[in-house]
Structure formats: C-alpha cells, structure tokens
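Asker: Sequence:
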Amino acid sequence: MRQATSKIPSLLLKALLACLLGAGFIIIARASLQSNQYMPLVLNQGTTETPTPSRTPTQTGTITITATPTVTGTPPTATQTRTATPTRTLVPGVFIVDILYDPTTNPLDEYVLIRNQTGDYIPMEGWTLRDDNQNVFTFPRYTLVSWASVKVWTKAGIIDVDNLYWGRTEPVWNTHGDCAYLRDADFKLMDSECY
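As numbered in the numbering used here, residues 1 to 195 make up the sequence shown, in order.
Quick caveat, the hints were computed from the structure, so don't treat them as lab data.
Keep in mind it's a predicted model, so treat the numbers as computed, not measured.
Incorrect hints may appear among the rest.
Label pairs and their in silico Cβ distance ranges [unchecked claim]:
no., residue 1, residue 2, range
1, 159, 103, 14 to 22 Å
2, 167, 143, 14 to 22 Å
3, 119, 170, 33 to 41 Å
4, 93, 136, 19 to 27 Å
5, 128, 156, 14 to 22 Å
6, 133, 186, 22 to 30 Å
Where a beta carbon is used, it is the ideal one built from N, C-alpha and C, also for glycine.
Work out the full structure: start from the sequences and follow the hints.
Answerer: The following block contains the structure:
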C-alpha cells in the first residue's frame with residue numbers, strides 16, 4: 001500500500017505537468033497567430049534551429065532637395081541718362097550755330113545765330129536766310145568780322161554789329177520743326193540747320 005500511495009503523487013505530478021505543458025502550447029500557439037510574423041511551434045526538442053522571422057522589404061532611394069534662391073531688397077530702378085548732342089566742329093566758313101525758335105518771353109524774340117569761323121571779314125550784303133515756308137530775310141550792307149557772330153532777330157529793332165532785325169510782326173520759326181538755309185549773294189548754299 002505504501003508503494004501504491006507513493007506512485008499516486010508521481011502520477012499526479014505527471015498529469016499536472018502534462019496539463020501545464022498542453023496549456024503552454026496553446027498560449028504559444030495563440031500568441032503566434034496574433035502576431036504579424038508566423039513562428040511555427042517546434043515540438044522536437046532535438047533540433048537547435050532558431051526560426052528566422054521573414055522581413056518586409058524596405059524602400060531605398062535618393063531624396064534630392066533643390067533650393068530656390070530668394071531675392072531680397074528692391075530691384076534697381078532704371079535711370080535715364082541724357083546723351084549729349086554732339087556739337088559740330090566748325091571748319092573755316094560761315095555757319096548757322098543756333099536757332100532760338102520758341103522763346104519763353106515773346107514769340108518775336110526768336111533769332112538765328114550765325115558765326116564767321118574764318119580769319120577774314122565777310123561782306124554779307126545780298127546774302128539770304130530763309131525757312132521751309134519760303135520766308136526770306138535778305139542781308140543789308142553788313143560785314144561779319146572774323147571769329148564774330150551775329151543774331152538775325154525776327155522782330156524789328158535797331159541794327160548794330162551784333163544784331164540784325166527782320167522787322168516781322170509774326171514768328172517765322174515753327175515750334176514743331178523747321179530748317180534754316182543760309183545762301184551767299186550768288187545763291188550758293190553756305191549752311192543749313194534743321195530742328
């Protein structure tokens with residue numbers, strides 16, 4: 001009877017172990033099914049192989065970042081630059097140097113400036129100055145000395161060495177553009193100036 005009673009606890013112990021072991025397999029199997037990786041149960045204790053979980057492939061590549069330059073500040077403003085009107089280099093002769101065609105004071109204060117660029121005295125009697133509208137000024141007895149200038153005014157006035165007067169009551173030189181022609185007594189064109 002002693003043998004029978006000593007075997008009972010060992011049988012009970014084996015049954016209890018079998019139950020626990022069975023419950024352990026169930027827990028491991030349930031945990032394996034709930035995970036996203038499959039791990040098979042190994043019942044054979046003789047193998048030493050460790051299960052390798054399968055890997056999900058990862059994407060690789062190159063990320064390129066391009067920077068856009070940022071402009072700060074205000075853009076430069078365009079500056080108008082006036083180009084100087086070239087002045088004529090006068091060779092020896094008699095030339096029209098300037099035409100004042102739109103005076104600010106009186107419309108009859110317009111004039112044509114003529115210069116003698118020679119070392120000679122130039123007698124101008126019979127010379128003519130005219131515009132595009134055939135308005136003609138005929139020079140009286142007058143001599144333009146060397147390197148000197150004379151103004152031919154549209155208005156009336158008293159003649160002197162520096163000033164000659166046309167004696168008109170209306171302007172001659174158009175504000176929208178005109179040309180002056182200087183001819184000698186033989187009607188040879190000495191100079192012309194347009195504006």
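Asker: Given a hinted range of 22 to 30 Å, is it respected by the beta-carbon distance of residue 133 and residue 186?
Answerer: Because 23 Å falls inside the window, the suggested range holds.
Asker: Could you tell me whether the CB distance from residue 167 to residue 143 stays inside 14 to 22 Å?
Answerer: holds (20 Å)
Asker: With respect to the beta-carbon atoms only, verify the hint that residue 128 and residue 156 lie 14 to 22 Å apart.
Answerer: Since the Cβ atoms of residue 128 and residue 156 sit about 19 Å apart, the hinted range of 14 to 22 Å holds.
Asker: For the hint 19 to 27 Å, verify it against the beta carbon of residue 93 and that of residue 136.
Answerer: With a Cβ separation near 21 Å, residue 93 and residue 136 satisfy 19 to 27 Å, so the hint holds.
Asker: Do the Cβ positions of residue 159 and residue 103 conform to the proposed distance bound of 14 to 22 Å?
Answerer: Hint holds: Cβ distance 20 Å, inside 14 to 22 Å.
Asker: Hint says 33 to 41 Å; check whether the CB-CB distance for residue 119 and residue 170 agrees.
Answerer: holds (38 Å)
In the structure shown, no violation is registered for any of the earlier numbered hints.
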